[in-house]
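**Q** Sequence:
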Amino acid sequence: MDLQFKRTRIAPTPSGFLHLGNVLSFALTAVLARQTGAQILLRIDDMDRERASREYVEDIFDTLHFMEIPWDEGPRNYAEFEKEFSQLHRLPLYEKALLQLREQGSVFACTCSRTQILALSPDGVYPGTCRNKGIPLDTKDACWRLRTDNRELRVKTVDQAIISDILPDSLKDFIVRKKDGFPAYQLTSLADDLYWNVDLVVRGEDLWPSTLAQQYLATVLNRPVFSGIRFFHHPLLTGKDGLKFSKSAGATSIQFLRKEGKKPADIYAMIAGMMSLAEPVRDRQSLARALRMI
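Counting from 44, one number per residue, gives the positions in the sequence shown under the numbering used here.
The set of hints was computed from the structure by calculation and includes no laboratory data.
Any given hint might turn out to be false.
To be verified - Straight-line C-alpha distance at most 20 Å; calculated EDC-like pairs for lysine to aspartate or glutamate: (1) K139 to D223; (2) K126 to E98; (3) K306 to E111; (4) K126 to D235; (5) K126 to D102; (6) K199 to D235; (7) K221 to E146; (8) K49 to D202; (9) K199 to D45; (10) K126 to D105; (11) K222 to D91; (12) K305 to D105; (13) K183 to E138; (14) K221 to E93; (15) K183 to D91; (16) K215 to E248; (17) K222 to D184; (18) K139 to D181; (19) K49 to D235; (20) K215 to D192; (21) K49 to D115; (22) K306 to D102; (23) K305 to D102; (24) K221 to D184; (25) K176 to E146; (26) K139 to D88.
Said to hold, decoys possible - Using C-beta positions, here's what the derived DEER-type ranges look like: (27) N193 to R301: 45 to 55 Å; (28) S164 to A308: 40 to 50 Å; (29) M336 to A308: 13 to 23 Å.
Predicted model only: the values in this text are computed from it and were never measured.
Yeah, the Cβ is synthetic: ideal placement off N, Cα and C, and Gly gets one too.
The whole structure should be built from the sequences, with the hints applied where relevant.
**A** This is the structure:
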């Protein structure tokens with residue numbers, strides 16, 4: 044690969060124990076970083092205060108060490124994370140972006156519950172119920188939604204292509220500030236990537252809608268630097284039911300596999316088997332070769 048980058052990131056959320064799908068993403072991030080000269084930042088996205096826990100943060104460090112996945116910047120342990128790197132330390136950054144959206148008139152308040160949305164829209168797509176109600180933004184238990192349209196969005200990829208797309212229905216008028224007052228994922232992820240000068244993002248293909256949402260938000264906030272980031276969306280691991288691995292679905296955790304006596308080579312082989320790769324895989328380099336990344 045001829046491209047060179049400054050920084051990429053591994054950005055897990057401490058909302059459950061890490062699983063095989065996480066390892067796949069982290070391993071491919073490390074491979075691309077070493078290929079392109081990028082530093083690897085460990086960024087733990089802990090803004091979901093209801094689900095984040097110390098146990099899950101500790102598991103992130105344990106799993107990265109066990110799977111021999113390197114990082115160059117960011118916290119080395121839980122104490123350092125809490126003291127210097129938690130997203131709570133960057134709340135002023137997020138609040139500045141929210142204030143800009145408010146002053147621009149780019150957001151509206153929404154008091155709908157998920158139950159109410161599902162009653163009107165069985166597929167969960169927000170039906171725009173509160174868009175024109177003029178609910179005050181300071182209303183208790185109201186989230187802030189971004190006013191979106193069907194503008195064309197352009198995403199640059201690591202193979203130097205540019206993909207044009209629009210926001211999917213699932214992210215029309217997406218939330219930027221939650222009912223608890225904390226900023227939502229799309230805003231914090233965008234703000235953090237800009238803050239850390241990230242120019243390479245590796246993520247699962249299921250996060251393509253999030254890539255579009257963040258590109259959209261960057262245009263609204265007039266952050267043209269974000270449009271220069273290159274993205275690589277990798278294939279997902281799926282279970283026997285064909286559904287993607289996730290913490291909430293109870294996917295097998297690396298912690299459990301370790302207790303069962305599995306070694307890193309065994310886990311990489313499991314990932315290769317689930318992806319039906321023909322070549323033997325025992326580490327992240329052989330995984331990348333089997334995927335024709337190196």
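**Q** Which of the stated hints cannot be reconciled with the structure, identified by number in ascending sequence?
**A** none
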